[in-house]
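Here the sequence shown is numbered in UniProt numbering, starting from 1 and rising by one per residue.
Treat the hints with care, as some may be off.
[What the hints assert, rightly or not] With a cut-off of at most 20 Å between alpha-carbon atoms, the simulated EDC-like pairs for lysine to aspartate or glutamate come out as follows: (1) Lys22 - Glu6; (2) Lys52 - Glu40; (3) Lys107 - Glu117; (4) Lys51 - Glu40; (5) Lys58 - Glu81; (6) Lys51 - Glu64; (7) Lys84 - Glu64; (8) Lys83 - Glu71; (9) Lys17 - Glu6; (10) Lys83 - Asp72; (11) Lys52 - Glu64; (12) Lys22 - Asp10; (13) Lys4 - Glu40; (14) Lys84 - Asp72; (15) Lys17 - Glu28; (16) Lys83 - Glu108; (17) Lys79 - Glu64.
None of these hints come from the bench; they were simulated from the model. Owing to the predicted nature of the structure, the values given are computational and were not obtained by experimental measurement.
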Amino acid sequence: MRPKLEQIIDSLDHSSKPHLQKIMHAAEQSFASCALLLDENKLLTEQNSEKKVRKATKSVVLGEAKIMSYEDIVRARQKREDKKVSMTSQVSRKRKRQAQGLRTGRKEDEVAAAVREIETAGLSSFCSVI
């Protein structure tokens, strides 16, 4: 766009050249400041989203507030992980036993219900339950 305007400026008389150059310079300044503001807004938006992520992240509490050496921190982490593993293994064992007992009863009930439906519909000669 600037080269076209410069061609137009060259064809104008001497009194209007400075005015048009001044307008052209002001437009360039305006475009530059607008671009800077857009970049700044983009940066601030990114920073804001990072702040939301930090706030949403759950903090891990290792213990009570006290001064701890690195070795104490490692021991506390190990203790917490051991406790978490033992709790999950106990819970998963209980669930497996319950789930296995429920599955056998459910399957038998489903088979019996399917057989009853087939007989009531009068389709026993056409289909069966395996």
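Each hint, compared with the structure:
{"no.": "1", "hint": "Lys22 - Glu6", "verdict": "12 Å, holds"}
{"no.": "2", "hint": "Lys52 - Glu40", "verdict": "19 Å, holds"}
{"no.": "3", "hint": "Lys107 - Glu117", "verdict": "15 Å, holds"}
{"no.": "4", "hint": "Lys51 - Glu40", "verdict": "17 Å, holds"}
{"no.": "5", "hint": "Lys58 - Glu81", "verdict": "16 Å, holds"}
{"no.": "6", "hint": "Lys51 - Glu64", "verdict": "26 Å, violated"}
{"no.": "7", "hint": "Lys84 - Glu64", "verdict": "18 Å, holds"}
{"no.": "8", "hint": "Lys83 - Glu71", "verdict": "18 Å, holds"}
{"no.": "9", "hint": "Lys17 - Glu6", "verdict": "10 Å, holds"}
{"no.": "10", "hint": "Lys83 - Asp72", "verdict": "16 Å, holds"}
{"no.": "11", "hint": "Lys52 - Glu64", "verdict": "26 Å, violated"}
{"no.": "12", "hint": "Lys22 - Asp10", "verdict": "14 Å, holds"}
{"no.": "13", "hint": "Lys4 - Glu40", "verdict": "31 Å, violated"}
{"no.": "14", "hint": "Lys84 - Asp72", "verdict": "18 Å, holds"}
{"no.": "15", "hint": "Lys17 - Glu28", "verdict": "17 Å, holds"}
{"no.": "16", "hint": "Lys83 - Glu108", "verdict": "39 Å, violated"}
{"no.": "17", "hint": "Lys79 - Glu64", "verdict": "14 Å, holds"}
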